[in-house]
Amino acid sequence: MAEEKMNSDKMWVTMGPQHPFSHGLWTLRVEVDGEIITDAEPEVGYLHRGWEKECENRTYNKIIPMADRLCYSASMTWSHLFCKVAEEALDIEVPERAQYLRVVADEICRIQSHLMWLAAVGTDVGNLTIFLWALREREFMLDLNVRLCGQRLTTNYPRIGGVRNDMPYYFERDCMRAIERFEKSLWDIIRLTDDSSIFVGRMKGIGYITRKDVANYGITGPAMRGCGVDYDIRRDDPYDAYGEMEFEVPVLKEGDAYSRYMVRIEEMFQSCEIIRQAMKKLESIPKNAPYRLKVPKCIPEGTHMARIEDPRGEGLMYLVSDGTESPYRLKVRSPVFVNVSASKHMVQGVRIADIPAIMAMIDMCLGETDR
Amino acid sequence: MAYESITNFIVNRGYEDLIAMSPYEVYNLPYDIAVKIWESLGGLIAWLINLIFPNNGVSQWLISDPVTNGFAIILMVIVIFAVSFVFCLLMLWEERKVLGRMMDRRGTMVGLKGFLQCLGDGLKTFMKENVVPKAIDKKIYWWGLSLVIGTSVLLACMVPLSNRWFIVDYQAGLLIIFALFALAPFLILCAGWAQNNKYSLIGGLRAAELMISYEIPMLILLAGTVLMAGSFNINDIVAYQEEHIWFVIPQIIGFFTCIVCAVAESERVPFDLSEAEAELVEGWQTEYAGMKWGLIMLGDYFRGYVACALVVFMYLGGWSLPVIGGEDWYLQYFPEIVFLLKVALVFFIFVLARAALPRVRTDQILNVGWKALMPLSVINLAIVILLKVTGVM
Amino acid sequence: MSEDANIIEKPSRDDIVSLVKAEFGGKVEFIESTKKNIKAINEGRRLFMKADREVLHDLAKYLHDKLNFEQASSVAGVDWVDHMQVVYHLTNYCTSMVVEITVDIPNDDLHIASVSDIWEGANWHERETYELFGIVFDGHPKLERLLTPKSYEFFPFRKSYKLRGQE
Amino acid sequence: MKYLDKYPKKFKGTGVIAPLGKVLRHFFTKTVPHRPVTILYPYEKEWVPDNYRGRPGLRFDRCLGCGICERVCPTTCIELVDVADDEGKMVKRPQVNLGRCMMCGYCAEYCPVDAMTTTTDYELAEFTRQDLIYDPRRLNFEYTTDMMEVHIEEHLMSNIAKGITDQPTAFYKTDRPVLEDSKCISCSKCAKVCPVNAIEMIVVGQNDKGKDIKRPKIDDKVCISCANCVIDCPKDALKMNEVL
Numbered sequence: 001m002a003e004e005k006m007n008s009d010k011m012w013v014t015m016g017p018q019h020p021f022s023h024g025l026w027t028l029r030v031e032v033d034g035e036i037i038t039d040a041e042p043e044v045g046y047l048h049r050g051w052e053k054e055c056e057n058r059t060y061n062k063i064i065p066m067a068d069r070l071c072y073s074a075s076m077t078w079s080h081l082f083c084k085v086a087e088e089a090l091d092i093e094v095p096e097r098a099q100y101l102r103v104v105a106d107e108i109c110r111i112q113s114h115l116m117w118l119a120a121v122g123t124d125v126g127n128l129t130i131f132l133w134a135l136r137e138r139e140f141m142l143d144l145n146v147r148l149c150g151q152r153l154t155t156n157y158p159r160i161g162g163v164r165n166d167m168p169y170y171f172e173r174d175c176m177r178a179i180e181r182f183e184k185s186l187w188d189i190i191r192l193t194d195d196s197s198i199f200v201g202r203m204k205g206i207g208y209i210t211r212k213d214v215a216n217y218g219i220t221g222p223a224m225r226g227c228g229v230d231y232d233i234r235r236d237d238p239y240d241a242y243g244e245m246e247f248e249v250p251v252l253k254e255g256d257a258y259s260r261y262m263v264r265i266e267e268m269f270q271s272c273e274i275i276r277q278a279m280k281k282l283e284s285i286p287k288n289a290p291y292r293l294k295v296p297k298c299i300p301e302g303t304h305m306a307r308i309e310d311p312r313g314e315g316l317m318y319l320v321s322d323g324t325e326s327p328y329r330l331k332v333r334s335p336v337f338v339n340v341s342a343s344k345h346m347v348q349g350v351r352i353a354d355i356p357a358i359m360a361m362i363d364m365c366l367g368e369t370d371r
Numbered sequence: 001m002a003y004e005s006i007t008n009f010i011v012n013r014g015y016e017d018l019i020a021m022s023p024y025e026v027y028n029l030p031y032d033i034a035v036k037i038w039e040s041l042g043g044l045i046a047w048l049i050n051l052i053f054p055n056n057g058v059s060q061w062l063i064s065d066p067v068t069n070g071f072a073i074i075l076m077v078i079v080i081f082a083v084s085f086v087f088c089l090l091m092l093w094e095e096r097k098v099l100g101r102m103m104d105r106r107g108t109m110v111g112l113k114g115f116l117q118c119l120g121d122g123l124k125t126f127m128k129e130n131v132v133p134k135a136i137d138k139k140i141y142w143w144g145l146s147l148v149i150g151t152s153v154l155l156a157c158m159v160p161l162s163n164r165w166f167i168v169d170y171q172a173g174l175l176i177i178f179a180l181f182a183l184a185p186f187l188i189l190c191a192g193w194a195q196n197n198k199y200s201l202i203g204g205l206r207a208a209e210l211m212i213s214y215e216i217p218m219l220i221l222l223a224g225t226v227l228m229a230g231s232f233n234i235n236d237i238v239a240y241q242e243e244h245i246w247f248v249i250p251q252i253i254g255f256f257t258c259i260v261c262a263v264a265e266s267e268r269v270p271f272d273l274s275e276a277e278a279e280l281v282e283g284w285q286t287e288y289a290g291m292k293w294g295l296i297m298l299g300d301y302f303r304g305y306v307a308c309a310l311v312v313f314m315y316l317g318g319w320s321l322p323v324i325g326g327e328d329w330y331l332q333y334f335p336e337i338v339f340l341l342k343v344a345l346v347f348f349i350f351v352l353a354r355a356a357l358p359r360v361r362t363d364q365i366l367n368v369g370w371k372a373l374m375p376l377s378v379i380n381l382a383i384v385i386l387l388k389v390t391g392v393m
Numbered sequence: 001m002s003e004d005a006n007i008i009e010k011p012s013r014d015d016i017v018s019l020v021k022a023e024f025g026g027k028v029e030f031i032e033s034t035k036k037n038i039k040a041i042n043e044g045r046r047l048f049m050k051a052d053r054e055v056l057h058d059l060a061k062y063l064h065d066k067l068n069f070e071q072a073s074s075v076a077g078v079d080w081v082d083h084m085q086v087v088y089h090l091t092n093y094c095t096s097m098v099v100e101i102t103v104d105i106p107n108d109d110l111h112i113a114s115v116s117d118i119w120e121g122a123n124w125h126e127r128e129t130y131e132l133f134g135i136v137f138d139g140h141p142k143l144e145r146l147l148t149p150k151s152y153e154f155f156p157f158r159k160s161y162k163l164r165g166q167e
Numbered sequence: 001m002k003y004l005d006k007y008p009k010k011f012k013g014t015g016v017i018a019p020l021g022k023v024l025r026h027f028f029t030k031t032v033p034h035r036p037v038t039i040l041y042p043y044e045k046e047w048v049p050d051n052y053r054g055r056p057g058l059r060f061d062r063c064l065g066c067g068i069c070e071r072v073c074p075t076t077c078i079e080l081v082d083v084a085d086d087e088g089k090m091v092k093r094p095q096v097n098l099g100r101c102m103m104c105g106y107c108a109e110y111c112p113v114d115a116m117t118t119t120t121d122y123e124l125a126e127f128t129r130q131d132l133i134y135d136p137r138r139l140n141f142e143y144t145t146d147m148m149e150v151h152i153e154e155h156l157m158s159n160i161a162k163g164i165t166d167q168p169t170a171f172y173k174t175d176r177p178v179l180e181d182s183k184c185i186s187c188s189k190c191a192k193v194c195p196v197n198a199i200e201m202i203v204v205g206q207n208d209k210g211k212d213i214k215r216p217k218i219d220d221k222v223c224i225s226c227a228n229c230v231i232d233c234p235k236d237a238l239k240m241n242e243v244l
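Taken in sequence, the protein lines are chains X, V, P and A.
Residue numbers in the first sequence follow the numbering used here, run continuously in steps of one, and reach 371 at the last position.
Residue numbers in the second sequence follow the numbering used here, run continuously in steps of one, and reach 393 at the last position.
Residue numbers in the third sequence follow the numbering used here, run continuously in steps of one, and reach 167 at the last position.
Residue numbers in the fourth sequence follow the numbering used here, run continuously in steps of one, and reach 244 at the last position.
For reference, chain X alone in the conformation it holds in the complex (with noise of 0.2 Å):
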């Protein structure tokens, strides 16, 4: 094999694991002909920890931390998926309270995901700009989770039966400002990107992928929405509060990297209305309303799913419980685990300038990819 390579006009280049575009340890290795990808390889695992196995030593309520660190920037809705297993496995539903302030949470943190991406999207095109200007509306929505929970990234928020904490004083009236100023923001950012033949002519015609091939490769959230597929979990499989707030799923059938591109700036959108949605519902939820359950220590003996939408796709986590203080064996499902395995599917044939491009829309994370 090695003989054929050297003799022919391709060559593999290997981008990663330390690489401006890969934003996290992975390595993607190509074969490029020219310029073109004619092939390409995604190798994961360089942050493989044992997430799974060392929760089967810890106490379901140590663990909520550990799940924040799954990812970075998505850390509420991963902890939140972790209570939701929990609650499922003591067949309990949180407070009404409680279920409108993860909400309010969750959609919070997938706005400062859904920028921190956009961020990343910019330096891949080589655009500073955008990358700073994302990033400082990004600061406002961590202010917000300082302000909820204490902590700008890893917030350890959700409890198992409720949350952590009510809202501070003058959350609301905080929440909102931030939100609006957030809106205008946002169209300055699009100033930048949409308004750009050059940003557009970057992203239009690349990554191609079929509504059949999304299927089929597994591929979930805003890269599944921008390829035609109509399945938002917070719609269709409603948890939590979700199921009685109005929102519009973005989907859109043109299935390149500029329609996921479209399909996640859409969803901040629809994020701040379901925000304000949610903080009008917990005004008439009076004050001092349960907004947390108290929970036994040991969970009982069976096998428990939930799922939940990440800001990166579909977050699974299977949960066998024995009836002792800790898990038997906790699956995690990540999204972009996934989405990545369909990488050399999405690359075939385009140009090495548009490899960044094309894997931003994955929105990497490889805290929970590698797990």
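Errors might be hidden in some of the hints.
To give an idea of the chain V side of the interface with chain X (calculated C-beta under 10 Å), a few residues [said to hold, decoys possible]:
(1) N50
(2) A82
(3) E95
(4) L99
(5) M103
(6) D272
(7) L357
(8) V360
In short, the hints are calculated from the structure, not lab data.
We treat Cβ as the ideally placed atom computed from N, Cα and C, and that holds for glycine.
Starting from the known structure of chain X, arrange chains V, P and A on it as the hints suggest.
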């Protein structure tokens, strides 16, 4: 007499003597400065020698006209280089501060509003380990690097700041600058190949690919300017613009096309394909570590300076300024500063483009080059010819 | 998908139960959840079944081709010490039904048919399960270690693999 | 939809004017007349609210040395050590290894007497690893306010089923150890390890050899549900009764 007074050795030559002694036909300011430096420096040395060996011939020889001329020419080159070098650092500072403010941050903060940061960066790159990979083509690796930097520095020194600040007043001034400018992609290709690294090879290939898309429109634009002014000589072009009108007004299309080409020529964002850091790590510079990289960086700014200067010469009237109240005082004191300010202004547009636009792809730059820049430059040329034929200009 | 006339795009929970029972008989067993308060289970968006190892591939193909389960969400291994288990989660986009298939494998014969020819998305999940539990998926195109180094010779997620501090 | 209704748009001519103009306007209207949003970190600091989860803080006088924080810590960075209190008596107090601390705030949340708090202190860099170990006295944070306490306000599921929603409680108010009488061997270890002296050994009779048979009596009002007795019981006679 045991020793003579130091004033005997320091000759203060007048304007007439200077013109008579100098190799130039017209007054040259850096030459004047260099002569002044040598008069004090050489006079001091001659006086010191005379203290030890009284009445020797060397002291007299040191302050004689031919020797002063010789040393003055060496010193003049240093003066010219130092000015362009410092101005490049100023441009670097301008870029960092302006870019920072555009991105809603502060830019560099070290000393003198951040200007001393470039000195710190320079020092840092010089202190770095000089890593040279083993499996390289040594000769081309080093020559490619040296020539890329060398041509950039040469170009920067060849740019005249005014009609009294130049090294040589060529008849083919603009043409030779263009010729040297176009040499770089070839050297980059060689350097990229010599490093035995896939990224740098692709970067070098991209530099060559990039060249054919902007070099031709650039030369057509040059033809427009030259046709209008009737000369390749920079002095003549500027004088013509001063006399009639800045070319930016009749050739407004050419001006904008030229800015795009100039950005591409100096390989800056959005046309920095050959060193696109998102996909090619550092492109053709990947294996040039430490101070080699620092020099390449500096060379890039030299080229940026020259590209801006070309735009100023061709469209913005060089060092000329529509002055009110007689031109004598202006020409006597600060045409160089006016020129440099104009260069900084054009560089501001470069920085703006860097802040607002993402990097283009290889096929896109070819598209832009052949489908937009090329026709625009031809249209510009047609307008120039029309104006010339009808005798408007 | 729609070119296949036999496909049922939106199978209800009862449809799936009756159709699968008719097709596979006693090889597939349905488990009723005892949970009362979970929204998704109450609204019939979850279906738990236990299948025999022999019929798994046919069952998967049937679910994919006939009942429109387009996506394999996850493939998980569980080590029950006396036997192993592979758990599949399959999703239908139209009804957002999630089917959980549990397959028992005896410890002395850790083989099971791969479903990566049906769903490409199961590919990496199966590789992961292979390297962490040592369950061999027959017919998998590239059954190599993915997350752990290629030189590993043990299967770290088995219960017999003790962590430091666990004796 | 707000965004998808307007985009993607068709470009007329060159589509670079809009971004250039946007950046230029931002430059002249926002960042040049006003200051940029960045702050000069070592000189300026961002304001953090009091509920910020920085390093753990300890109010020495309030602490009982019960060890709940040690057990609830996910990274086992808390260790109970013997220190002299103000009167010179040796007491057990938590010591925190900040090299391992993940700032989850569990210690403050689960502390029954709010001795552990979160603090707003986040500048924790030290030169050696040894310096990162904060002993109980060093854990004191002088600007501690009430906002830094974290309270658990849980509701019992049985209460909610009954419709009572205004009685927040916490595990240390409801959970109490219960004795399985047949397993008890009268060793009175539980009384010794109880940090609040809630357990009193009561003689209930005498055995065949004439020794006293003692049984623990737990004072429900004093008990803080720390489970030290449950863990240290040699015969597992005590069990924590979780009220749900």
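Consistency of the hints with the structure:
no.	hint	in the structure
1	N50	61 Å, violated
2	A82	32 Å, violated
3	E95	12 Å, violated
4	L99	8 Å, holds
5	M103	4 Å, holds
6	D272	8 Å, holds
7	L357	5 Å, holds
8	V360	5 Å, holds
Hint check: violations occur at hints 1, 2 and 3; the rest are consistent with the structure.
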